[in-house]
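Q: Sequence order for the protein chains is E and B.
For the first sequence, counting from 1, position 44 maps to 220 in the numbering used here; every step adds exactly one.
For the second sequence, counting from 1, position 85 maps to 1529 in the numbering used here; every step adds exactly one.
It should be emphasised that the hints constitute simulated quantities derived from the structure, not laboratory data.
A few of these clues could be false.
[Said to hold, decoys possible] Beta-carbon label-pair distances, calculated as ranges: (1) 316(E) <-> 1535(B): 27 to 33 Å; (2) 450(E) <-> 1540(B): 42 to 48 Å; (3) 1463(B) <-> 430(E): 30 to 36 Å; (4) 1540(B) <-> 386(E): 24 to 30 Å; (5) 427(E) <-> 1484(B): 34 to 40 Å; (6) 1557(B) <-> 254(E): 22 to 28 Å; (7) 1544(B) <-> 245(E): 28 to 34 Å.
Think of the CB as a built atom: it goes at the ideal place given N, C-alpha and C, for glycine as much as any other residue.
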Amino acid sequence: MCTVCGCSEGEARIGGQPLVGTDAPHRHDHAHDHDEHGHAHDHTPASAHHHYGTGPARAHAPGLSQSRMVQIEQDILSKNDGYARDNRRLFQQRGVLALNLVSSPGSGKTTLLTRTLTDLRDGLDLAVIEGDQETSLDAERIRATGVASVQINTGKGCHLDAHMVGHAATDLDLRQGAVLFIENVGNLVCPAAFDLGEAYKIVILSVTEGEDKPLKYPDMFHAADLMLINKIDLLPHLDFDVGRCIDAAHCINPGLQILQVSARSGAGLDAWYDWLRLQRAARLLGRVVPATV
Amino acid sequence: MHEMSLCESIVQIIEEQARTAHFDAVRRVVLDIGALSAVDVAALRFCFDVVAAQGVARGATLDIRTIPATAWCMACAEVVDINRRDDVCPRCGSHQLVVEGGDDMRIKELEVD
């Protein structure tokens, strides 16, 4: 078992080498009963990069005895949910607003995020955990805004899980009152099932997609707390019916809050920023926030 | 595709149980999968055979029970069974349903040697 975080998951291996340009990453490799298992912890937030692969190779100890039933009654996702609880506790202790951004690939998630970071970085402490199957291209786009980001590569994985996020969060210097954006892998199915410990799930749907997407992918729209309809500057060129889209979303999730934005033109972004500031302020109520000099 | 991750979790739980409950092989795994749990059962079976190929769960069969989801119908003031998130009330056709459960995924029990 890893002595840093207690992780014992077979798939949690750091596949990538330390990145070029990182400052002396702290690395610990140790043998498990099933496989070699190593973690690289890079404490340079601006350039950290985690890579997760799959494929545990476990030992097999055959033996025979009489058949019997073992009652388990355990949630399949209990392990993930345990890590998510730890993350949530960490974020609460530090007064950090953590947001899980989910969408299809190509909804403009990263563009919306970089625009948001650029517009808000002077007034707020911001940080980003960037999830993609491969490459650190998005983390580089984030870093270009001057905001610290950690890239998680999921390899064959189709979603972030709470264990990956917990590791990535330790690489970020999360200060009290910070807003942490966790950009999930572009996928409207799998990330719905995996709690990361976030305060809110935000689903982004662009008007170049179908307005019936909430009906086609109900689990994600049901799990979300806020929906951002993005690229509304393109509406004059499309047949996208915003009203129908909102009705479809409310059919699945009557309590879903919906904002219409364009990361390109800036339309609607003030409401999105107000939402962020309000949620952040709500999390800090009753806390003694150290005065910023 | 997250069925692969789910299967890794299932196998991990089984391996932990194998250590604490002292068994060496698993014949049958009984799963309760909620109707709204976003799991493709065929994919789950396929992934399980792949993930379980090396360990204590090797060769085990999956016994998957689909658990119907329930919702509170405001019009009927009754709990009704549903199968999809956009289902209407099977009694009165109302859309005013509050989904109460059905996305659980649990390992109920194991038949072991």
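Q: If a hint holds in the structure, say so; if it doesn't, say that too.
A: Consistency of the hints with the structure:
For residue 316(E) and residue 1535(B), the hinted distance range of 27 to 33 Å is not satisfied, since their beta carbons lie about 55 Å from each other. In this structure, residue 450(E) and residue 1540(B) break the distance hint of 42 to 48 Å, their C-beta atoms being roughly 31 Å apart. With their beta carbons about 45 Å apart, residue 1463(B) and residue 430(E) fall outside the hinted range of 30 to 36 Å. The hinted range of 24 to 30 Å is satisfied by residue 1540(B) and residue 386(E), whose Cβ atoms lie roughly 25 Å apart.
Range check, residue 427(E) to residue 1484(B): about 23 Å between beta-carbon atoms, so the 34 to 40 Å window is missed. Look at residue 1557(B) against residue 254(E): about 25 Å separates their beta carbons, and that is inside 22 to 28 Å. In this structure the supplied range 28 to 34 Å holds for residue 1544(B) paired with residue 245(E), their Cβ-Cβ distance being about 29 Å.
Figure legend: structure checked against the earlier numbered hints; hints not met, in rising order: 1, 2, 3 and 5.
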